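Next come the chains, spelled out residue by residue.
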Amino acid sequence: MNAQNEITDRLLALRGSSEPTAWEGLVPLVYDELRAMAHRHLQRERPDHTLTTTALVHEAYLKLVDQKRATWANRAHFFAIAARVMRRVLIDYARRHRAAKRAGTRQRVPLDATAEAPQSEPGAGEALVVPDERAEVLVALDDALTRLAAIDARLVRVVECRFFGDLTEEETATALGVTSRTVRRDWIKAKTWLHRALHD
Amino acid sequence: MTAKTRAALLDAALEKGALVFAAPLLEAIEATSLPLEILGLPYTLEQKLGRGGMATVYLAHDAKHDRRVAVKVLHAELTTREGGQRFVQEIRLTARLQHPHVLGLLDSGVFGPEVGALAGRPYYVMPFVNGESLRARLAKKGTLSISEALRVLREVADALCYAHEQGVVHRDVKPENILLSRDHAVVADFGIAKALVASHTGDGAHPASNVMTDGSLMGTPAYMAPEQAAGEAQIDHRADLYAWGVVAYELLAGRHPFRDRTRSQELATANMRQTPRALQEVAPAVPREVAALVMRCLAKPPAERPGSGAEIIAALDRAAVTAAPLPVLTPRPVSSRRVFRRLAAVGGSETSDARCSGPGQRGPKHRRAGRSGRGGSGWQCHPQGPLFVC
Chain A
1 MNAQNEITDR LLALRGSSEP TAWEGLVPLV YDELRAMAHR HLQRERPDHT
51 LTTTALVHEA YLKLVDQKRA TWANRAHFFA IAARVMRRVL IDYARRHRAA
101 KRAGTRQRVP LDATAEAPQS EPGAGEALVV PDERAEVLVA LDDALTRLAA
151 IDARLVRVVE CRFFGDLTEE ETATALGVTS RTVRRDWIKA KTWLHRALHD
Chain B
1 MTAKTRAALL DAALEKGALV FAAPLLEAIE ATSLPLEILG LPYTLEQKLG
51 RGGMATVYLA HDAKHDRRVA VKVLHAELTT REGGQRFVQE IRLTARLQHP
101 HVLGLLDSGV FGPEVGALAG RPYYVMPFVN GESLRARLAK KGTLSISEAL
151 RVLREVADAL CYAHEQGVVH RDVKPENILL SRDHAVVADF GIAKALVASH
201 TGDGAHPASN VMTDGSLMGT PAYMAPEQAA GEAQIDHRAD LYAWGVVAYE
251 LLAGRHPFRD RTRSQELATA NMRQTPRALQ EVAPAVPREV AALVMRCLAK
301 PPAERPGSGA EIIAALDRAA VTAAPLPVLT PRPVSSRRVF RRLAAVGGSE
351 TSDARCSGPG QRGPKHRRAG RSGRGGSGWQ CHPQGPLFVC
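Going down the list, the protein sequences come from chains A and B. Sequential numbering from 1 applies to the first sequence in the working numbering. Sequential numbering from 1 applies to the second sequence in the working numbering.
Because the hints were derived from the structure by calculation, they are not lab data. Note that the coordinates shown come from a computational prediction; the quantities given were computed from them, not determined experimentally. Be aware that one or more of the hints could be misleading.
[To be verified] No farther apart than 27 Å at their CA atoms in a straight line, the calculated lysine-lysine pairs in the DSS-like style are these: (1) B/Lys16 with A/Lys189; (2) B/Lys4 with A/Lys189; (3) B/Lys174 with A/Lys191; (4) B/Lys174 with B/Lys141; (5) A/Lys191 with B/Lys4; (6) B/Lys140 with B/Lys48; (7) B/Lys174 with B/Lys140; (8) B/Lys140 with B/Lys72; (9) B/Lys48 with B/Lys141.
Chain B with its partners taken away, still in its complex shape (with noise of 0.2 Å):
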């Protein structure tokens, strides 16, 4: 740049204000692999994937292993300076993690003095996932098939059965932390919430509930278990059952048990101190073993819920079983069309309910039914309609 050059863009930038003229600046500094690759990081950042109310999610490049990974960096405001170690501290049980539902941690950090703005900021990375969350999915699509919820349902219970068993209590399962890989659910963040909780308090003791050092909660208020809203002194994996509760509630009723609730306090009290419809009501489509278990799930005092994610599999895979006799077909092969016509005679009888289909359980009937139709084809029960064939 010329001196001429630079004393003009000096004059403009006199009139206009600094921020102003830097804005672009600072806006390309932001938006650039900038802070990971001055700290020697082995991942160059290629885009930014999005911004949670925890982390930004960019998606980049593992030069070594040539493979793309997610890189979560914490908001600012969510871990004081010192707080950053203990987080990474904390973090260390979740890397140790592995599950074919349970999203892995592959590393994680602090970002050192010299990155200016991002100065003391952990970050954490994991595969990175080629799919799109439960919620998008909700988004996009509505509502799930009920064979497709129970299956993810039943996919998710089993990534917290297992992380339970290690130690590791998630603290904030809910459809944003689902992803759907080729249809399959893996859960994200594990532990996370209480590593934020940790950096914050920075005592070098576990942090046995979810309240920050300001008194606020850590977590979602939508999928809060009522002790976790109540800010109550010790969280166990009962909370992570009461979230699975109402996730499964959401999926498979087509609404969340509170809908009503908006705000982050009415969601809180709600979960605190509301009873929902019981979701065999809203829902009556679904399995009656299934709906009992959901609602079992969100019990209020968590005494009440099944003990364990084990037992929610083996619960699910009850009610699976139960379904498996599936609607009086013919035995010869028929069009599916005519099955449809069959079924829609039924209706939404008490008798067609209970034989929808369990998670991706298919029965000799089904197999039938299968090769009847259209290739591939399965049962599935619309929540609320009658049964139909797809």
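Chain A with its partners taken away, still in its complex shape (with noise of 0.2 Å):
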């Protein structure tokens, strides 16, 4: 069976499922696909313009469901696992950056990409030092939502959709089965106490 029809196959025996054991197999076939995209996305001349969760997500979904067969219900539980994937893919980044760092062989290069960075962006003045921090915060918000999960499970499946997947409230809600206004609740929650544990 090949990607393609695998990944359809089990979203379609995931509707209706919360079942988050469900779409584990999904992973590693939507990080694949989701990482060789955002390094494609990279090595483009201006990388800047098109790097986003939504473009990749859109792109990978193109790329792997059958749409023939894929629903709105499908849609969603794609995009909320490949919210959860690219959780994956950036922590890796961030740990791979802060090992390098730790390594200490690292050679700085003027980056074109980030001293071309649009300047409407905000922060793409501090491009040059940024990275290390914000490889800094995605390990430590990393580490909070592992903890918070052994709190409450769904609030994590809510930043995970919003904050690493971009979706829209309605588009979470969708994903996980809840309404909007939960999701709109559970958002501020998670933000709170994320904050509060990044703080401490």
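Both chains are given apart, each in its own frame, so use the hints to dock them into the complex.
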């Protein structure tokens, strides 16, 4: 079975099921795809313009899921999985960055890409210092989310969908089988909890 | 970083979305030497030189030998994880090549699992050529003089001839792969196309065609021999001779034989079916024997092309000898301006065409002309214009 059929079949099987283990098997397939895509986007001349989660996930979705058999709920499930995978992709990057920094051999190369980052994006000017800090925040966030999962797993799912997957409230609600209001409430709750966790 | 800053950064991040927040981090990782150094490879990345259809090229420093090298990392989509080792096996043949006009292979390997985005990606290391590709030269200068073009073409044919004798077919000869180092041609990426096909098929057999597992063709449509474009099962050294013919036509005529075709599919089809306009018509200044040779290389059936690179070299040298008794010059020293006037009077007549110099051939009258004009000058033919001295 190819990756496309496998993903579609699993998504169809997942319909109506909110059992997290059911979609475990999809993670490696989507992981490879998203990582390769992020890499490809970054390798392009002006990566900053196209690098959004939504664009990547859409591209992955179109490539991996059999469109004819897919439904809206199906798409939302896929996006939720992709969001979770995106968390892993980014945390891998962040940990790798920190490991290399510790090794102390990394050479700093002036980055055309960051130097040319659009000025409208906040933080564009601080690009050269920021990667280290961003890596640290992402790793701290990941640790905090792991702790939060023990307290309230749904809050973590919401953070994955909203933050890592760039999903809207409605998309998150469909993917997780809850109402938009719940998502909004959970999102605020999670942000407050995470802020405190990283502050202490 | 203080806890307060961390929390503030997190708040800002949660408002932006993860990828936007992480983008500078990802870019920093992609653009630095990080992956190469993590692996403990003895190369330090200095800068990204460019990205082609197959690989990204980095300029790196080889600390052990204190020299600059070019490291090429293949694109993720080109090889499967299992295919990396196959690529490296297949590229071993290339590593044996040693020739003044062949860019050697210094090292190759596959990135290990710990290098994240580069995991399983094959790379290879070549000497760094301080020069430019023939494509860059053409983009900058438009055309080469006929004598320059013939010298480059002879050197490329020499490189092909040698590699073919060693059993290595290039499969992707094009101006981008011909590097000019102090005006001499060095052919890069021998055997890479085949190694890539091997890394895709991965069944242990040596791939004889250029068809990837997904049915796509490895190579460059604009320079692909008809049998390559048709995805035939057996590709041999004559595919390189065809590509040489396309490059030669492009250099001598100042345009690609199928310049009206721009899309890949159209170019591949043109290479399979369309006969280009005779080079002699497009560029009358090109020595007749050379024009005929180029057209023979462009023959659709491989059997109608020259049998080997050696045959091409011999034909080029013959043309050079024929062209050697150069324009009738007065025996006494004259200024180059006078020579030009004399020659301009001859115009683009057939007689003067036949007298165009061969590849770097300098007959006795050449030397006379050299002495008569500015130091070190030689004969050149403008592709379309009359004979002139520079």
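Hints, one by one, checked against the model:
1. Using a Cα cut-off of 27 Å, the hinted pair B/Lys16 and A/Lys189 holds, with the two alpha carbons roughly 18 Å apart.
2. A C-alpha spacing of about 19 Å is found between B/Lys4 and A/Lys189, which places the hinted pair at or below 27 Å, so the restraint holds.
3. For the proposed pair B/Lys174 and A/Lys191, the alpha carbon gap of about 56 Å is over 27 Å, so the pair is violated.
4. A C-alpha spacing of about 17 Å is found between B/Lys174 and B/Lys141, which places the hinted pair at or below 27 Å, so the restraint holds.
5. With a C-alpha separation of about 15 Å, the suggested pairing of A/Lys191 with B/Lys4 holds against the 27 Å cut-off.
6. Taking the CA atoms of B/Lys140 and B/Lys48, the gap is about 21 Å. The hint holds against a cut of 27 Å.
7. For the proposed pair B/Lys174 and B/Lys140, the alpha carbon gap of about 17 Å is at most 27 Å, so the pair holds.
8. Taken as a hint, the B/Lys140 and B/Lys72 pair is honoured in the structure, with Cα atoms around 24 Å apart against an allowance of 27 Å.
9. Straight-line distance between C-alpha atoms of B/Lys48 and B/Lys141 comes to about 25 Å, which keeps the hinted pair within the 27 Å bound.
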